[in-house]
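2 protein chains.
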Amino acid sequence: MRHIDEDNITQAVIARHAQASDARLRDVMTSLVQHLHAFAREVRLTEAEWRAGLHFLAEAGRHGDARRQELALLSDTLGLSMLVSALNHRVPKGCTEATVPGPLHAGAGDDGHDHAAPLPADDDRHAAAVAGEPCFVRGQVRALDGAPVAGAEVRVWPAAAAGGHDGPRGAAVSGPDGRFQCRGMLAGTHAIPHDGPVGRLLQQLGRHPWRPAHLHVAVDAPGYRRLLTQVFRGGDRWLDSDAVFGVRGSLVADWARHEPGPTPDGGTSAVPFHTLDFDFVLDRAPAARPPSD
Amino acid sequence: MRHIDEDNITQAVIARHAQASDARLRDVMTSLVQHLHAFAREVRLTEAEWRAGLHFLAEAGRHGDARRQELALLSDTLGLSMLVSALNHRVPKGCTEATVPGPLHAGAGDDGHDHAAPLPADDDRHAAAVAGEPCFVRGQVRALDGAPVAGAEVRVWPAAAAGGHDGPRGAAVSGPDGRFQCRGMLAGTHAIPHDGPVGRLLQQLGRHPWRPAHLHVAVDAPGYRRLLTQVFRGGDRWLDSDAVFGVRGSLVADWARHEPGPTPDGGTSAVPFHTLDFDFVLDRAPAARPPSD
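Same order as they appear, the protein sequences are chains A and B.
No gaps in the numbering here: position 37 of the first sequence is 37 in the working numbering, and each next residue is one more.
No gaps in the numbering here: position 8 of the second sequence is 8 in the working numbering, and each next residue is one more.
Hints are supplied without guarantee of correctness; some may be wrong.
When chains are identical, the list treats them as one kind, so a pair holds in a single copy or across two.
To be verified - DMTMM-like mimics (lysine to aspartate or glutamate), calculated; alpha carbons at most 20 Å apart, straight line:
#, residue 1, residue 2
1, K93, D7
2, K93, D195
3, K93, D279
4, K93, D5
5, K93, D283
6, K93, D145
7, K93, E6
8, K93, D27
These are calculated hints, taken from the structure and not from any lab test.
Predicted model only: the values in this text are computed from it and were never measured.
Using the sequences and the hints given, assemble the complete structure.
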């Protein structure tokens, strides 16, 4: 095809990939090229806009470091991260829903989060180091049919502060009745990092960088699909406008605040503390699926 | 909209941009988000692919330097650069067509090329420094109605070698009959830079990095739209598979090769030289349009 013009170029590019050895890569690139070209045609992208877009992406690519990937932030704020999460974590009605893994994807493990650090051997010691107010999370881990799931590992951690590290983690293992209780830290409202190119874009779009207060939760149990989600605090002012579009109605819950005194774990808190009751319903892992999925 | 799911997220993101102060930015982002999400849905993008895509873009963003923008190369090889050029340089039938500005966009002026360097005052001196064989380009600059265009500035330069700088330029101004002749350098076949992420992608897609031999041409004349194009050498083996999809049938021409001896400019060449006869038909600039368009 020697004569390339604005009408035939998309097919010309796609045809060039016919010899790709990886069929999946070919299919992904075919769809990508079609949508990229359709976008340029639809808005009749100017050359100045095209250059501005390339410069924006290059700046974002250079902006990242070990703790921050600006392009992941871009994906988050354009709803792509949440969409990809939703497409890959469809669960039967009644199971606890997943949500966007969060705005910081550095050192991503297979769920987009950094789990390289070992779990604390002594949760209380870590919880004691928490600067905020403690939060006791308790509930039951169940299968869709209502059967309790024993031996499920439940981990909770607060949202990362802007540009900072994930907070300390609390962890517990569910008992024979599926019930668990672990001590975490109150999740506060926070802004995603917005001192870079993505922050500038949000401002140009008239958007704020805030996320509603939430607690990250991971639940792992043999025979079930890993659940990676967030529980949002009811009444938060940003529930309707989460900067990364992660709020699902089923994941909003009430935290109860308690005055200093005896805590559910039999101890005593000298500062106010919180309790959150939340049950997690897991989806069975397909037999053919590797456990890491 | 509190409950985000895979069906409503696209509208949720678009709705968030309703307050953007710049209507054009809002429209561009609306289309971008729709196509980005449609792509992810169409291929049901996996989380591993999503992360690989982000890493690829970040690596490409970091790969550029003052002479090379890897993301511009990506745009070139996916046909986006050529499409944007075609969308923005539609000309009436009979006018000389534009093509992709080329694979190196560093220091881009308003046409995507570095014109910061002043034109050589003495073309012959520059042409003499050319390592390849000289090429005499001659022809006529005309308007669409056939009227000769006098005083048009014609500049020619060879394709940049991989990763290198654009070659030396030849320049001429058309006479009262619209005719011009300038001395350039023979354009050779060359590969686009392919030692980075884009080169890896091309390899995975079963694609080569070659461009057919071509000569860059810019023609500027008061009252006419700037023409920025390339003339391709007939018979080149890569004409049908230009790595950046820039070949238009109307831009393919024959170079005639001559043995050492007298040259069209009245001089003598001690090495073989070439002649290329090519006329350029300019599109009138809309009266309302600023001259820089």
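* 20 Å Cα threshold - placement of D195 relative to K93 -> Neither: 39 Å inside a copy, 49 Å across copies.
* Asked: Within a copy, between copies, both or neither: where do K93 and D145 come within 20 Å Cα-Cα?
  -> within (11 Å within a copy, 69 Å between copies)
* Within, between, both or neither, where K93 and D283 count as close if Cα-Cα is 20 Å or less -> Close inside one copy (10 Å), not across copies (62 Å); limit 20 Å.
* Since the copies are identical, ignore which copy is meant and state whether K93 and D5 lie within 20 Å (CA to CA) inside a copy, between copies, both or neither. => Result: close only across copies, 13 Å inter versus 49 Å intra.
* Asked: Given identical chains, is K93 near D279, meaning Cα to Cα at most 20 Å, within a copy, between copies, both, or neither?
  -> Within one copy, since 15 Å is at most 20 Å while 68 Å is not.
* Asked: How would you label the pair K93, E6 (within, between, both, or neither) given a Cα cut-off of 20 Å?
  -> Between. Shortest inter-copy distance 14 Å satisfies the 20 Å Cα cut-off; intra-copy 46 Å does not.
* Are the CA atoms of K93 and D7 at most 20 Å apart within a copy, between copies, both, or neither? -> Only across copies: K93 and D7 sit 15 Å apart there, 44 Å inside one copy, limit 20 Å.
* 20 Å Cα cut-off: does K93 pair with D27 within a copy, between copies, both or neither? -> Result: close neither inside a copy nor across copies, 31 Å intra and 36 Å inter.
Going down the numbered hints, you'll see the structure goes against 2 and 8, while the others check out.
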